[in-house]
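**Student:** As a plain string of letters, each chain reads:
2 protein chains.
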Amino acid sequence: MQTLESYIREKGKVYPGNILKVDSFLNHQIEPSVIRAMAKEIRRLFADCPVTKVLTIEASGIAIAILVAEEFGVPMLFAKKSHSANLSPDVYSTKVTSYTHGTVYDVRVAKDFLRADDHVLLVDDFLANGAALLGLADLVRQAGATLSGAAIAIEKGFQQGGQIVREAGIRLESLAIVDSMQDGNITFREQPHQS
Amino acid sequence: MQTLESYIREKGKVYPGNILKVDSFLNHQIEPSVIRAMAKEIRRLFADCPVTKVLTIEASGIAIAILVAEEFGVPMLFAKKSHSANLSPDVYSTKVTSYTHGTVYDVRVAKDFLRADDHVLLVDDFLANGAALLGLADLVRQAGATLSGAAIAIEKGFQQGGQIVREAGIRLESLAIVDSMQDGNITFREQPHQS
Chain G
26 MQTLESYIRE
36 KGKVYPGNIL
46 KVDSFLNHQI
56 EPSVIRAMAK
66 EIRRLFADCP
76 VTKVLTIEAS
86 GIAIAILVAE
96 EFGVPMLFAK
106 KSHSANLSPD
116 VYSTKVTSYT
126 HGTVYDVRVA
136 KDFLRADDHV
146 LLVDDFLANG
156 AALLGLADLV
166 RQAGATLSGA
176 AIAIEKGFQQ
186 GGQIVREAGI
196 RLESLAIVDS
206 MQDGNITFRE
216 QPHQS
Chain L
26 MQTLESYIRE
36 KGKVYPGNIL
46 KVDSFLNHQI
56 EPSVIRAMAK
66 EIRRLFADCP
76 VTKVLTIEAS
86 GIAIAILVAE
96 EFGVPMLFAK
106 KSHSANLSPD
116 VYSTKVTSYT
126 HGTVYDVRVA
136 KDFLRADDHV
146 LLVDDFLANG
156 AALLGLADLV
166 RQAGATLSGA
176 AIAIEKGFQQ
186 GGQIVREAGI
196 RLESLAIVDS
206 MQDGNITFRE
216 QPHQS
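From first to last, the protein sequence lines are chains G and L. Under the working numbering, the first residue of the first sequence carries the number 26, and numbering increases by one thereafter. Under the working numbering, the first residue of the second sequence carries the number 26, and numbering increases by one thereafter.
It is possible that some hints are incorrect.
To be verified - Mimicking DMTMM-like on lysine to aspartate or glutamate, the simulated pairs with C-alpha atoms at most 20 Å apart in a straight line are:
| hint | chain 1 | residue 1 | chain 2 | residue 2 |
| --- | --- | --- | --- | --- |
| 1 | G | 36 | L | 137 |
| 2 | L | 136 | L | 163 |
| 3 | L | 65 | G | 56 |
| 4 | G | 46 | L | 163 |
| 5 | G | 105 | L | 137 |
| 6 | L | 46 | G | 115 |
| 7 | L | 46 | G | 83 |
| 8 | L | 106 | G | 115 |
| 9 | L | 46 | G | 137 |
| 10 | L | 106 | G | 131 |
| 11 | G | 38 | L | 163 |
Unchecked claim - The calculated label-pair distances, taken between Cβ atoms and stated as ranges, are:
| hint | chain 1 | residue 1 | chain 2 | residue 2 | range |
| --- | --- | --- | --- | --- | --- |
| 12 | G | 36 | L | 65 | 24 to 32 Å |
| 13 | L | 122 | G | 217 | 48 to 56 Å |
| 14 | G | 128 | L | 69 | 38 to 46 Å |
| 15 | G | 144 | L | 65 | 26 to 34 Å |
| 16 | G | 113 | L | 188 | 51 to 59 Å |
| 17 | L | 193 | G | 126 | 31 to 39 Å |
| 18 | G | 112 | L | 129 | 38 to 46 Å |
| 19 | L | 41 | G | 141 | 29 to 37 Å |
| 20 | L | 122 | G | 125 | 24 to 32 Å |
| 21 | G | 120 | L | 109 | 19 to 27 Å |
| 22 | L | 73 | G | 212 | 44 to 52 Å |
Hints were generated in silico from the structure; no laboratory data involved. Where is the CB? At the ideal position from N, CA and C, for every residue including glycine.
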């Protein structure tokens, strides 16, 4: 998506270790106009899919997910992270390993809000190793709901998450795929079907 | 705000200990149409105020804040909670005591995104004892920015936060003020200036 790629080029900052910071418009300070354009593109890309619910994970996926949900006219649900071991019978829960922080945490949603007749679109800001997205997909599976697909703002194409998710048979649309960040020069993967 | 009060009456659940759960539409599953109506009402209530930035705190304030920011046509910034003691010189930080969880945590924003010439509207989903809101106000003060006011979805009028915030001279608009929840019957405070 050209709007997003332009923003990443202009406002993103590349740090050693393949770290891309986009906290001026995407995941700390957030520009509503950029997120709105992204939400409309996600709506367009999944126009042929039934979607009854948008599922994301706290915290930085929430801003995108609420606008995507508004575009589809459906509720948004955000999974909560927990480091507590206490599980309630009222929640679906799965474990996610954070490679960034070297920790394992639980991700939970209330069973009341994820039903077998739901068609669920996953939304998140970043896709790197895919652990968070696969955790969300597992919650959908536990609920017996249908996974419509996953929409991501920025995929790190040089990490394995995108490949794992696609090979798992999940329809994945990443609005920008960063294939490399050599010497601060960002190379995006060509995606001719996107606007 | 009548729309919100109706939702709270119909979909909120009252539990012993003055606990009000609104996780079917406000802070776990989120109904975009309700949040949009709230964002428009907040825009109307603060129409006479200059606002250049909307500031909230992760996670459940983000969905409201992004729509409020979109209504004002300004960026949204969400403060991050941290239990780590590591402070960077690039952030403003303040300590917030969570009475619910009996813990103290740091709340941080990058200095880059909160400037002395900003006029900041605080937005959050709940106001109880006021600790989170006063923490956000302290970040605004540290930045030398101007505090335009605070907009809250649901104020627990039987707790002290609202009084403390108003007595601190902060203009506060709560879209619903719950004055009591006796035996599951919710009483809202009259607010004739609201729609």
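**Student:** State for each hint whether it applies.
**Tutor:** Taking the hints in turn, this is what the structure says about them:
For a cut-off of 20 Å, the pair hint linking residue 36 of chain G to residue 137 of chain L stands: about 13 Å separates their Cα positions. Simply put, residue 136 of chain L and residue 163 of chain L have alpha-carbon atoms about 13 Å apart, close enough for the 20 Å limit, and the pair holds. Restraint check for residue 65 of chain L and residue 56 of chain G: the C-alpha separation of about 18 Å stays at or below 20 Å, so the hint holds. At most 20 Å may separate the alpha-carbon atoms for a hinted pair to count; residue 46 of chain G and residue 163 of chain L exceed this at roughly 26 Å.
A distance of roughly 28 Å separates the Cα atoms of residue 105 of chain G and residue 137 of chain L; the hinted pair therefore is violated under the 20 Å criterion. The hinted pair formed by residue 46 of chain L and residue 115 of chain G meets the criterion: a straight-line CA distance of about 14 Å does not exceed 20 Å. As the CA atoms of residue 46 of chain L and residue 83 of chain G are separated by approximately 18 Å, the hinted pair is consistent with the 20 Å bound. Between the alpha carbons of residue 106 of chain L and residue 115 of chain G the distance comes to roughly 26 Å, so the proposed pair goes past 20 Å and is violated.
Between residue 46 of chain L and residue 137 of chain G the CA atoms are separated by roughly 13 Å; this keeps the pair inside 20 Å, and the hint holds. For the hint pairing residue 106 of chain L with residue 131 of chain G, the CA-to-CA distance comes to about 18 Å; that is within 20 Å, so the pair holds. The suggested pairing of residue 38 of chain G with residue 163 of chain L is violated, with an alpha-carbon distance near 28 Å, which exceeds 20 Å. Remark: the range hint 24 to 32 Å for residue 36 of chain G to residue 65 of chain L is upheld by a beta-carbon distance near 29 Å.
Checked against the hint of 48 to 56 Å, the pair residue 122 of chain L and residue 217 of chain G passes, with Cβ atoms roughly 53 Å apart. Evaluation of the 38 to 46 Å hint for residue 128 of chain G and residue 69 of chain L yields a pass: the beta carbon distance comes to about 43 Å. For the pair residue 144 of chain G and residue 65 of chain L, the supplied restraint of 26 to 34 Å holds, since their beta-carbon distance comes to about 29 Å. Between residue 113 of chain G and residue 188 of chain L the beta carbon distance is about 34 Å. The supplied range of 51 to 59 Å is therefore violated.
Range check, residue 193 of chain L to residue 126 of chain G: about 36 Å between beta-carbon atoms, so the 31 to 39 Å window is met. Between residue 112 of chain G and residue 129 of chain L the beta carbon distance is about 26 Å. The supplied range of 38 to 46 Å is therefore violated. The hinted window of 29 to 37 Å between residue 41 of chain L and residue 141 of chain G holds, with their beta carbons roughly 31 Å apart. Separation of residue 122 of chain L from residue 125 of chain G is about 28 Å and conforms to the stated range, judged on CB atoms against 24 to 32 Å.
The given range of 19 to 27 Å is respected by residue 120 of chain G and residue 109 of chain L, whose C-beta atoms sit roughly 22 Å from each other. Between residue 73 of chain L and residue 212 of chain G the beta carbons are some 48 Å apart, a value that agrees with the proposed interval 44 to 52 Å.
The structure is inconsistent with the numbered hints 4, 5, 8, 11, 16 and 18, although it conforms to all the rest.
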